[in-house]
Amino acid sequence: MDITRQVEQLLKQGRVDIFLGYKELYGHLIPHGYTLDNLEELENLKVSQHRYSLEKVATHLVEKKPDLKIGIIARDCNQRALNILYTWNQLNPENIETLGVNCCPSKTRKHGDCSYLEPKKTGEFKKENGIDFNAEPEAFMAEFDNPERFSHWMYEFNKCIKCYGCRNVCPVCFCPECSLENPDLVEPGSLPPEVPIFHLIRATHMAGRCVDCGLCEDACPAEIPLRFLYRQMNQIVGDVFGYAPGEGIEKSPFTIIGDKVTLEPKPMDV
Amino acid sequence: MTNSIAEFETDSKVIFVIGSNTTACHPLIATRIIRAKENGARLIVADPRNIQLTKFADLSVHQRLGTDVALLNGMMQVIIKNNWHAADYVEQRCEEFEALKETVASYTPERVAAITGIAARDIEQMAELYATNAPGALLYAMGITQHTTGVDNVKSCCNLAMLCGNLGIPGGGVNPLRGQNNVQGACDMGGLPNVFTGYQPVADPEVREKFAKAWGCDALSDTPGMTITDMISAIDEGKIKGLYIIGENPKLSDPDKNHLDQVLKKLDFLVVEDIFLTESAQVADVVFASAALGERQGTFTNTERRCMLTQKAVEPVGNALPDWQIISRFATALGHDMSYGSPEEIFNEMASLTKSYQGMTYDRIGIDGLQWPCLSTDHPGTPYLHKETFTRGKGRFHAIEFKEPAEAASAEYPMMMTTGRMFAHFHTGTMTRVSNSLDTEQKTGYVDINPADAEKLNIAPGDMVLLTSPRGEIEAPARLTDSVPPKNLFLPIHFGENPTNTLTSSTAFDPIAKIPEFKVGAVRIEKLIA
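Protein chains in written order, with this note's numbering: chain W, 1 to 270; chain C, 1 to 530.
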């Protein structure tokens with residue numbers, strides 16, 4: 001059954017109140033909510049390489065209507081993000097229906113249909129002064145010593161125009177008060193923002209949360225290799241806690257306040 | 001812009017940014033510049049301040065405020081002297097080269113260094129970088145235009161681009177970055193004192209006849225209207241009794257606020273039409289609430305001449321109406337029956353009377369828009385202008401001598417002030433200061449001062465200071481930063497509680513364009529004792 005009919009069925013059977021997918025408008029795909037009230041629009045439902053954090057839209061809808069039943073087009077990255085949102089009680093899995101679509105090649109899927117199938121190209125000046133989008137972390141660590149790595153990261157961070165696009169598109173950024181906007185942590189009002197603290201705060205907050213969907217890097221107008229940064233962060237989380245964010249819905253090692261840690265900490269290599 | 005934004009990334013071999021704090025004021029264009037740089041293009045930045053973009057430049061220089069003509073003449077002197085100019089292009093497509101050559105000949109690097117404060121070697125390098133890496137795009141913003149020599153500055157930019165054959169090719173061009181999403185569109189619609197739509201002069205009898213016929217009236221005035229600068233004087237002199245302001249907030253955007261406030265009181269009647277109750281709307285006799293973006297349909301034409309459609313998503317709040325409906329009702333109340341069924345109908349009328357838009361329809365514009373000139377319904381639009389020939393035929397060089405800005409530092413006013421935008425707010429803050437997120441970023445006005453000056457005056461970060469110019473005084477907290485050179489100050493223009501336009505002069509303006517010299521003024525700064 002094609003996806004349009006599946007969505008129609010979900011809506012008609014009352015299994016979801018709204019279905020979050022994409023709608024084609026003048027050749028562009030934009031996020032769109034389909035409901036029983038606009039069933040005729042379902043003919044415009046399309047799936048392509050375009051991606052958006054539809055699950056983040058779902059969290060905003062649930063803020064207003066906690067019992068809303070929501071259907072979502074889900075690639076693997078959406079599914080991982082949903083798992084994080086379930087873990088952190090931002091969405092109730094009982095109220096969410098997903099329809100899987102083709103995705104980046106992974107353990108579970110051979111066929112792919114995502115913007116990441118075409119790797120980003122890195123110019124020579126950026127390779128020299130900043131960081132190659134496609135660099136292997138091990139090679140980067142081996143090639144440069146600490147001060148050099150710092151200088152390469154500072155080149156990248158200094159391009160930041162503080163648009164908050166990385167945070168705003170991030171499916172797993174949901175804090176009601178954002179540390180990036182706390183004047184005690186980051187001095188407001190200047191460009192670039194206070195570096196490297198602005199980016200490092202966000203990086204630490206990605207620990208145990210980032211599902212490596214790469215939407216932040218897609219959104220970044222300054223070409224900062226955020227995916228590289230957050231992957232490195234979660235490498236540590238994996239090494240120390242044996243935790244891979246989004247793989248399941250077990251408790252996160254970071255939900256420690258008032259909770260019993262369910263994962264054994266491992267010693268960090270020094 | 002003569003060229004397109006995307007070309008900076010795809011075609012330009014060198015990008016020369018002068019008088020534009022691009023990352024703060026045109027961030028998406030800054031993205032293109034940074035991508036171009038990372039992919040191998042060269043970048044030159046000339047700005048009195050040490051702006052963010054300078055971190056990525058092959059060469060960045062800080063010219064003394066108001067010395068752009070000298071700097072550009074100096075570059076041209078070096079280029080001509082070394083034969084780096086596009087001689088064939090100049091010969092075939094331009095005129096009055098000899099006059100230019102003669103004038104710029106005296107602008108040696110040493111002389112220009114003395115005027116601008118830029119090292120002679122840097123001027124030579126800038127010239128070489130720009131001239132020997134074609135195609136080269138020249139980008140500027142208000143740092144070029146808001147001067148008593150604004151027109152001279154723009155002409156000098158054009159001189160430089162033509163000299164190197166950079167007009168009429170992809171990746172080249174003279175590219176003014178428009179300060180608002182629809183400045184170009186407002187000009188295109190005839191929102192200027194001397195033209196109808198698409199820059200058709202009111203002085204041209206054929207043009208007047210065309211519009212009179214289309215609008216079903218006997219005759220249209222052949223006299224250009226007034227610029228806003230002229231209007232303020234005319235109100236002062238009692239020649240204007242009533243003023244109708246649409247989408248502008250002169251109480252914060254026009255110079256010499258104290259004088260302006262007195263002048264506005266002389267009006268018998270003031271109408272302000274805006275989406276929020278601006279400082280100007282607060283003193284109006286009548287306020288028309290207009291619908292905002294997303295509450296109405298229409299088009300914007302952006303800095304690269306791209307006309308784009310915006311759709312209505314929600315109903316206007318309260319009794320707000322789209323501007324076109326307010327104007328139609330107002331005209332009808334005045335006795336002229338003006339009625340349109342939709343913005344599309346108005347667009348079609350405009351397109352039928354305007355060559356550069358005549359191939360555009362709402363359907364064709366779609367989401368991606370069309371760049372004028374778009375001459376027929378199968379014309380793809382025009383990514384860059386002046387391909388075969390210039391509008392007037394040959395490109396004319398203007399030999400221009402450097403003139404000092406209107407004000408210089410003195411014993412009474414020893415600091416030089418420049419004003420502009422900061423990244424978190426937009427213009428007079430009408431739209432941005434109502435945003436919680438942007439308020440978190442910047443809550444009040446401020447003054448940027450070099451740490452060396454601050455130390456001399458015993459000013460610590462956050463200290464309140466008093467700023468005084470011959471026009472008046474304001475208070476603001478100090479920010480210590482190396483982004484301004486010693487003896488210079490920068491003030492943002494967005495904040496009604498620290499109105500920078502109290503300090504700026506209304507008598508220093510460009511004689512042709514009438515644009516005030518917001519970028520240069522002399523002031524005094526003193527620490528306020530709490």
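For the record, the hints were derived by calculation from the structure and aren't laboratory data. Treat each hint with caution, since some may be false.
[What the hints assert, rightly or not] Derived pair list, reagent style DSS-like, types lysine-lysine, alpha-carbon separation capped at 27 Å:
1. W:120 / C:55
2. W:23 / C:312
3. C:155 / C:101
4. W:120 / C:13
5. C:155 / C:403
6. W:69 / W:46
7. C:55 / W:127
8. W:120 / W:251
9. W:46 / C:312
10. C:13 / W:127
11. W:12 / W:251
12. C:355 / C:155
13. C:266 / C:312
14. C:13 / W:121
15. C:394 / C:355
16. W:120 / W:46
17. C:394 / C:443
18. C:239 / C:265
19. C:265 / W:64
20. C:266 / C:355
21. C:514 / C:266
22. C:241 / C:266
23. W:121 / C:55
24. C:81 / C:443
25. C:213 / C:355
26. C:487 / C:403
27. W:65 / C:394
28. W:69 / W:121
29. W:64 / W:12
30. C:387 / C:13
[What the hints assert, rightly or not] A partial selection of chain W residues facing chain C, derived with a Cβ cut-off under 8 Å:
31. 24
32. 26
33. 162
34. 165
35. 189
36. 192
37. 223
Since the structure is predicted, the reported quantities are computational estimates derived from the model, not experimental observations. All C-beta atoms in this analysis are idealised placements derived from N, C-alpha and C, irrespective of residue type, glycine included.
Verification of the supplied hints:
no. : hint          : result
1   : W:120 / C:55  : holds (23 Å)
2   : W:23 / C:312  : holds (17 Å)
3   : C:155 / C:101 : holds (15 Å)
4   : W:120 / C:13  : holds (21 Å)
5   : C:155 / C:403 : holds (14 Å)
6   : W:69 / W:46   : holds (21 Å)
7   : C:55 / W:127  : holds (16 Å)
8   : W:120 / W:251 : violated (34 Å)
9   : W:46 / C:312  : holds (23 Å)
10  : C:13 / W:127  : holds (18 Å)
11  : W:12 / W:251  : violated (35 Å)
12  : C:355 / C:155 : holds (25 Å)
13  : C:266 / C:312 : violated (39 Å)
14  : C:13 / W:121  : holds (18 Å)
15  : C:394 / C:355 : holds (21 Å)
16  : W:120 / W:46  : holds (24 Å)
17  : C:394 / C:443 : violated (50 Å)
18  : C:239 / C:265 : holds (14 Å)
19  : C:265 / W:64  : violated (48 Å)
20  : C:266 / C:355 : violated (41 Å)
21  : C:514 / C:266 : holds (22 Å)
22  : C:241 / C:266 : holds (8 Å)
23  : W:121 / C:55  : holds (22 Å)
24  : C:81 / C:443  : violated (51 Å)
25  : C:213 / C:355 : holds (16 Å)
26  : C:487 / C:403 : holds (21 Å)
27  : W:65 / C:394  : violated (65 Å)
28  : W:69 / W:121  : violated (40 Å)
29  : W:64 / W:12   : holds (23 Å)
30  : C:387 / C:13  : holds (18 Å)
31  : 24            : violated (11 Å)
32  : 26            : holds (4 Å)
33  : 162           : holds (7 Å)
34  : 165           : violated (10 Å)
35  : 189           : holds (5 Å)
36  : 192           : holds (6 Å)
37  : 223           : holds (6 Å)
Hint compliance for this structure: hints 8, 11, 13, 17, 19, 20, 24, 27, 28, 31 and 34 are broken, all remaining hints hold.
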